[in-house]
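Chain A is fixed; fit chain B onto it per the hints.
What follows is the residue order along each chain.
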Amino acid sequence: MNFLYIVSLLLTLNNSIHATSRHFQLLDELNAGINGADDRTISWGLADDDDNTLTNWNCVIIGPPRTNFENRIYQLRVRCGENYPLDPPEVRFVTRISLHGVNEDSGVVDPRSIEAFWTKHSSIKQLLQNIRKWMAQKGNSNLAQPPEGSTY
Amino acid sequence: MAGLPRRIIKETQRLMAEPVSGITAVPDEHNSRYFHVVVAGPSQSPYEGGLFKLELFLPEEYPMSAPKVRFMTKIYHPNIDKLGRICLDILKDKWSPALQIRTVLLSIQALLSAPNPDDPLDNNVADHWKTNEKSAIEQARQWTQQYAKASINNH
Chain A
1 MNFLYIVSLL LTLNNSIHAT SRHFQLLDEL NAGINGADDR TISWGLADDD
51 DNTLTNWNCV IIGPPRTNFE NRIYQLRVRC GENYPLDPPE VRFVTRISLH
101 GVNEDSGVVD PRSIEAFWTK HSSIKQLLQN IRKWMAQKGN SNLAQPPEGS
151 TY
Chain B
1 MAGLPRRIIK ETQRLMAEPV SGITAVPDEH NSRYFHVVVA GPSQSPYEGG
51 LFKLELFLPE EYPMSAPKVR FMTKIYHPNI DKLGRICLDI LKDKWSPALQ
101 IRTVLLSIQA LLSAPNPDDP LDNNVADHWK TNEKSAIEQA RQWTQQYAKA
151 SINNH
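Chains A and B supply the protein sequences, listed in that same order.
So in full-length UniProt numbering, spot 119 of the first sequence is number 119, and the numbers just go up one at a time.
So in full-length UniProt numbering, spot 141 of the second sequence is number 141, and the numbers just go up one at a time.
One chain only, chain A, in its complex shape (with noise of 0.2 Å):
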């Protein structure tokens, strides 16, 4: 045996941890939500709550203060696929937004942008957190927005 192939086995094992433990993660996840996340400022819950397979998540931001942002309430929907947390999940506004990295048509929100930061550790929570930093980057912070509620 080489080393590269004990390296490649490795990971292999690596990855399968975190696919296997998949559920217990985003439970976990779904518990830590309800509980309530810190300021408020995020929320994230399933968004059916029938969902056995913990795909499909309801989240919320509130727009970071001293931005064009500030105290709208932003809706994102967040697909967890099977492959969670190994992948990122698939983000999209539901609430209109003009923030860069955002598909302006559909809300999407551009996977580069979260693969950018999302390892296998990171969470639903994370994810929002870092999105809510974006927008109070500069940049982004002065950019003018649609009419407050409106959705795509």
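Mixed in with the good hints there might be a few duds.
With a cut-off of at most 25 Å between alpha-carbon atoms, the simulated SDA-like pairs for lysine to any residue come out as follows [as the list claims (entries may be wrong)]:
| # | chain 1 | residue 1 | chain 2 | residue 2 |
| --- | --- | --- | --- | --- |
| 1 | B | K74 | A | Q25 |
| 2 | B | K149 | A | T53 |
| 3 | A | K120 | B | R85 |
| 4 | B | K92 | A | A32 |
| 5 | A | K138 | A | A116 |
| 6 | B | K74 | A | A116 |
| 7 | A | K120 | B | D28 |
| 8 | B | K149 | B | E11 |
| 9 | B | K149 | A | N31 |
| 10 | B | K82 | A | D50 |
| 11 | B | K74 | A | K120 |
| 12 | B | K82 | A | A116 |
| 13 | B | K92 | A | Q25 |
| 14 | B | K92 | A | T53 |
| 15 | B | K10 | B | P63 |
| 16 | B | K130 | A | D49 |
| 17 | B | K82 | A | S43 |
| 18 | B | K92 | A | K138 |
By construction, these hints were calculated from the structure, which means they are not laboratory data.
These figures come from a predicted structure and were not determined experimentally.
Chain B in isolation, oriented as in the chain A frame:
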């Protein structure tokens, strides 16, 4: 497998060598902490004739913390919710490292024989059980027919 505690290896060997009647638990080929479990519905319960798929995961802290267990097959039971989560004291505050995977699975099997609507996880199902036990049991039977046969065949 490197790094797998002796305790888990021992338990797994015993589960394979002396399986519990009505229960199969097979470790995942890639992850020895993850078990594919099938529990047969106990006779004289509304789950009789059904085969229920569960998943069981031994967290890093096991046996200091309890295994994580979840029903994957839909089941109509006052102590099991729509997401398959199980209300069982030994999986929570009554966990002790003296317990084992085997004991946990036996307890789950016993829970199927003796639903406890006074300590509910799913309030709707529990209310149904308390107000009209006969109709609730009938519903549990129907769900067993509908979900606990197909779900095994599909895999």
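For a quick check of understanding: which of the numbered hints are violated here, in increasing order? 6, 8, 9, 11, 12, 18
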